[in-house]
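K.L.:
Residues per chain, in single letters:
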Amino acid sequence: MKEAYEKPVILKLKTGMMNKFGSSPAYIRKIRKEIDGVPVEELVEKFGSPLFVFSEKKLRQKFREVKNAFTLRYPNVEFSWSYKTNYLDAICAVLHQEGETAEVVSEFEYEKARRLGVPGNQIIYNGPYKPYDSLVTAVKEGARINIDHFEEIADLEKVADELGVKPRVGIRLNMDTGIHPQWSRFGFNLESGQALDAVKRIASGGKLELVGLHCHIGTFILDPHAYEVEVRKLVNFAYTVEDQFGFKIDYLDIGGGFPSKNRLKGIYLPPEVAVPSVDEFAERVCSALLSSLRPGDYPKLILESGRAIVDEAGYLITTVHAAKRLPSGLKAYVLDAGVNILFTAFWYKFNIEIDREVYGTSEPCVLYGPLCMNIDVVDDLTYLPPLPRGTRLILSPVGAYNVTQWMQFIRYRPAVVLIGENGEVDLIREAEDLTDIVRREKLPERLKLEW
Amino acid sequence: MVTELLSRFKKFSVPLLRSYSAVLFNSNLWGGALLLLLTFINPNLGFGGLVSLLSAYIFARLIGFKEDFLQLDYYIYNPLLVGLSLGYLFKLNLLSLLFLATAGILTFLLTYTLSSIFYTYLRLPVLSVPFVVVSSIFYLASTKFSQLFVSNLYSHSPILISLNLPLPVEGYFRSLGAIFFLPYPLPGFIMALLLFFVSRILFFLSLLGYFSGTLTAYLFTGSWYKVFTDTSAFNYILTSMAVGGVFLIPSLRSYKFALTASIVSVPVIEGSKVFWESYGLPVFALPFNVVSLLFLYVLFTIGWSYVTKIYKGTPERTLDHYLTYYRRFPFTGREIGLPFSGKWTVWQSFNGEWTHKGPWRFAVDFVITDEKGKTYSGSGTQLTDYYAFGKPVLSPVDGQVVSVVSDLPDNPPGTADRENNWGNYVLIYDRRGFYVLICHFKQNSIKVKPGDTVVRGTLLGLCGNSGYSPQPHIHVHVQLLSYVGAPTVPFNFTSYISQNRFHDVGIPKEGEVVEPVYPDKSLYHRLNMLIDQSFDYLITENGKTSRFTATVKMASDGTFYLTDGRAKLYFGIQNATFYFYHFEGDIGSPLKYFFFSSPKIPLFYSRELHWYDYLPLISISSKLKRELYLFLSSINQKLFSVSTESSWLKHFSLETVIIQPRKTLKAQVELSEDVGFERITFNNVEIRRVRDEETSVTS
Chain A
0 MKEAYEKPVI LKLKTGMMNK FGSSPAYIRK IRKEIDGVPV EELVEKFGSP
50 LFVFSEKKLR QKFREVKNAF TLRYPNVEFS WSYKTNYLDA ICAVLHQEGE
100 TAEVVSEFEY EKARRLGVPG NQIIYNGPYK PYDSLVTAVK EGARINIDHF
150 EEIADLEKVA DELGVKPRVG IRLNMDTGIH PQWSRFGFNL ESGQALDAVK
200 RIASGGKLEL VGLHCHIGTF ILDPHAYEVE VRKLVNFAYT VEDQFGFKID
250 YLDIGGGFPS KNRLKGIYLP PEVAVPSVDE FAERVCSALL SSLRPGDYPK
300 LILESGRAIV DEAGYLITTV HAAKRLPSGL KAYVLDAGVN ILFTAFWYKF
350 NIEIDREVYG TSEPCVLYGP LCMNIDVVDD LTYLPPLPRG TRLILSPVGA
400 YNVTQWMQFI RYRPAVVLIG ENGEVDLIRE AEDLTDIVRR EKLPERLKLE
450 W
Chain B
0 MVTELLSRFK KFSVPLLRSY SAVLFNSNLW GGALLLLLTF INPNLGFGGL
50 VSLLSAYIFA RLIGFKEDFL QLDYYIYNPL LVGLSLGYLF KLNLLSLLFL
100 ATAGILTFLL TYTLSSIFYT YLRLPVLSVP FVVVSSIFYL ASTKFSQLFV
150 SNLYSHSPIL ISLNLPLPVE GYFRSLGAIF FLPYPLPGFI MALLLFFVSR
200 ILFFLSLLGY FSGTLTAYLF TGSWYKVFTD TSAFNYILTS MAVGGVFLIP
250 SLRSYKFALT ASIVSVPVIE GSKVFWESYG LPVFALPFNV VSLLFLYVLF
300 TIGWSYVTKI YKGTPERTLD HYLTYYRRFP FTGREIGLPF SGKWTVWQSF
350 NGEWTHKGPW RFAVDFVITD EKGKTYSGSG TQLTDYYAFG KPVLSPVDGQ
400 VVSVVSDLPD NPPGTADREN NWGNYVLIYD RRGFYVLICH FKQNSIKVKP
450 GDTVVRGTLL GLCGNSGYSP QPHIHVHVQL LSYVGAPTVP FNFTSYISQN
500 RFHDVGIPKE GEVVEPVYPD KSLYHRLNML IDQSFDYLIT ENGKTSRFTA
550 TVKMASDGTF YLTDGRAKLY FGIQNATFYF YHFEGDIGSP LKYFFFSSPK
600 IPLFYSRELH WYDYLPLISI SSKLKRELYL FLSSINQKLF SVSTESSWLK
650 HFSLETVIIQ PRKTLKAQVE LSEDVGFERI TFNNVEIRRV RDEETSVTS
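Protein chains in written order, with numbering that gives the first Met the number 0: chain A, 0 to 450; chain B, 0 to 698.
Because the hints were derived from the structure by calculation, they are not lab data.
Here a beta-carbon is modelled for each residue, glycine too, at the ideal position from N, C-alpha and C.
Please note that the accuracy of each hint is not assured.
[Unchecked claim] If the Cβ cut is set under 8 angstroms, some of the chain B residues that face chain A in the computed set are:
1) Ile367
2) Lys371
3) Pro391
4) Arg455
5) Gly456
6) Ser521
7) His524
Whole structure, please, built from the sequences with the hints as guidance.
P.N.:
Next comes the structure, spelled out in structure tokens:
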């Protein structure tokens, strides 16, 4: 076979200490020709590029792994799917099939879950902004509502009067668990006594039944110990509430925030080393529960894990559109996917795989998106061999937050497919076209153009 | 005032009427009333029975007995029978009244004494032994009382019409009548009808007893006339009914015993007749008492398992109750929880193919498997490859730790420690009277020490691979002795899910994936109905709407029941399950719909959860069918059953499909926001709870 011509490159020779991880970025590259047995090229031919691909097998497997880690250590666990992480119908349906309830943080997510067929009482309604009408609906349909502030207590009492029922509610707490930043903007602060005030307020109102506590200490938490602190504080507070006010705390919702195997920018170690396994989190949470709960008392432990379950099930196939040499000598590629659809590119360094064997040594390069915007950088420094135009790159993990936070900005949003457990490929969101964007637009008659 | 008098009269008359029906082993009030009327065919007889009965009752009240004692039927039917026997002999006047009253009091004293002796030393009922003794004594005494003899004896004109019946049929009717000292065909015929209406099983047994007894007697005597005119032949009938349908659960086996007992009675009757008649006495029910008590004593003592524990008024209801109980509650008295959390797979169950053999056959081993059925990830050469390794092991019972071994090493996969079979273990004593052994813990992972009190779910330690264990697993068994390695005994696991099916108790099979459930607090609070709570309901049945109130009360044995005044529906919470245990009383009570729609409810919600149960045959609405099925069930217990399959519709409402022989019904149950049942629909019956505010509107 005739070798392809490759323009010569001068690489700086590094001396001094050897790379202690034993591999030189100059020669490693990762090749992925298929996802779950379906060739990448076939996917692109059929659905275009860029393309989000989700693996049902990986999703279910990951969920079961996380679920088992907790259920094997504590007897009363509920998983509630964090809609904001990924609310594509098909993804939610898979997780509901696996037994997850729905955790929503807006009336939109609430409606989406209901539309998918999730009964109201299988929904947990969180968030700092819950419009009054949505509270009425949620109470009517028996959703579990975690209150964020005093105004919401007042709102719910009004709903209670209006409907003539006694809603069963939880309150959200924030607390010091020894990590930074402390998410003190959500819920009632524990240490300052605000949380207890909220309970007093609910008890004196007499119109709401406090049945749960909720807390969510942060996101992508790398320290399992923080959860142990959270659980102990929650249990203590739950007993204070039960003993002083006579409420029965049915559930302790510890939120989510467990990390996925993704590499945060600025972290040197690979995620396999830096990110603790879900078992470590489960061990801390459950042993803290078993050792601080009273004998024979097993309130429901609710987990709203999102990222840790879906992130690794998602891939993005993108195509090299052009290659450039920057004045600095750095190689640059223009891809057809950028930060418009890869929101998490702002803090992750993705795992980049190439769809074919490419010859030549790797050199430092930067990956740009298709946007005519300076900020559109998918990766500001990575090592890749010289990529011909048309090469597909497979970026992962991209399953969490991207298909919810993506923007229709400059370009259309691409298609999303799901590869089933038997290798079947289903389109779960069509690529957008102009009609999606102009459907809501109204052009006043006087502005109609006549060219 | 009037209603108060009425209720007092009712309180008094009900046990009185029951004493009449109790002679024929049932508690039918109308039947009792009919029998009372029948005895007045001969007014001497009628008054005799009543007077003796009343005198016993008044005496019992004088010495401070409460009405409760009247619940025990032998206190009331023995004086009744004595009174009848004396009324049969003597006319009614002041003198015989005195005589009767004395007899009633003596019978009461003797019944009390004998019943306590019989029960304490022999565990036997007293039957009608006091009647036989007292009647014999009074008959003997009367021969000395010339005054009484002269003025009060009367001759019996054969009552009314001869029915012109064939001899055997007439003999049967006469014998039946003779039980109430009415040895005539017509009263006998009426009693036979009554018996048939009250219980087909008793009726059948009366025929079986009578004809097997008389036939045997014929073989010995050779005279048809003699056997069919012998009035003491009623002993066959009573023996057959007592043995075959009352004290034993009606079945083909009990019928065989009834047959044998009647045949055995033949020489007993004839033999005792010689003795008794030489003193001028009839043998009364002596042979019945002797033969029945002998049979019962032997069967009770050897631990015969089909003995009636609760007699529900007729053999049919007793059988129905027994069969349902037997199917619904296969409890061993040793119900324990699963010793872990989450989904584990049974590696070896009872009588397992590897090590659960001989004295250790009642044991279960658990491992964790993945979708492919493997117990490890990776190569399986490291202990940490095994899913079970290091997972928490929780206490299956409330109890006290007896002994602990914690320092044995974990074997590498595939090898086993032959010296210390049980490895690291925890032995817990449960106050219900047994020990639970959990073993193969990880080295030094045990968190409890001897003397510690644990509750179900207490963290004991971590799953390991110590002892005779080739791969990490949990071994559990129950034993009755306190040393490790003692023989195992059968037990049950409580409240677990296997393939979306909820089991309140059971032993999972090899390969079954099980997950324990812990009661959901909110369901628990909704179903934990407390004493004196009462619930108002509107029931719409066949287009008619009526109201009733169900109140929670406690029975003397500590169990709770719902009652609307007509029936009692017993309920309770155990094994993370709400049960309606059984229904007692008037079948017309709407409480039956509560029972039939939700015989049990797991205190745990999950979307696809379903569970099975059985209902008594009284749940079949057609009386004719129900009674036919019950009679046939006594011959083959497996013939008919009513099973239910329930599942959750929503968190607090469920649906039950009731599968009757050749008919399927549907019911829905909705639990209240606070506590109790909100709405029940059963076929086309609807029951809806009403609150105080609504009361004024509807009434």
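K.L.:
Confirm or reject each hint.
P.N.:
We went through each hint and held it up to the structure:
| no. | hint | result |
| --- | --- | --- |
| 1 | Ile367 | holds (7 angstroms) |
| 2 | Lys371 | violated (11 angstroms) |
| 3 | Pro391 | holds (5 angstroms) |
| 4 | Arg455 | holds (7 angstroms) |
| 5 | Gly456 | holds (6 angstroms) |
| 6 | Ser521 | holds (5 angstroms) |
| 7 | His524 | holds (7 angstroms) |
Checked against the numbered hints listed earlier, the structure breaks hint 2 alone; every other hint is satisfied.
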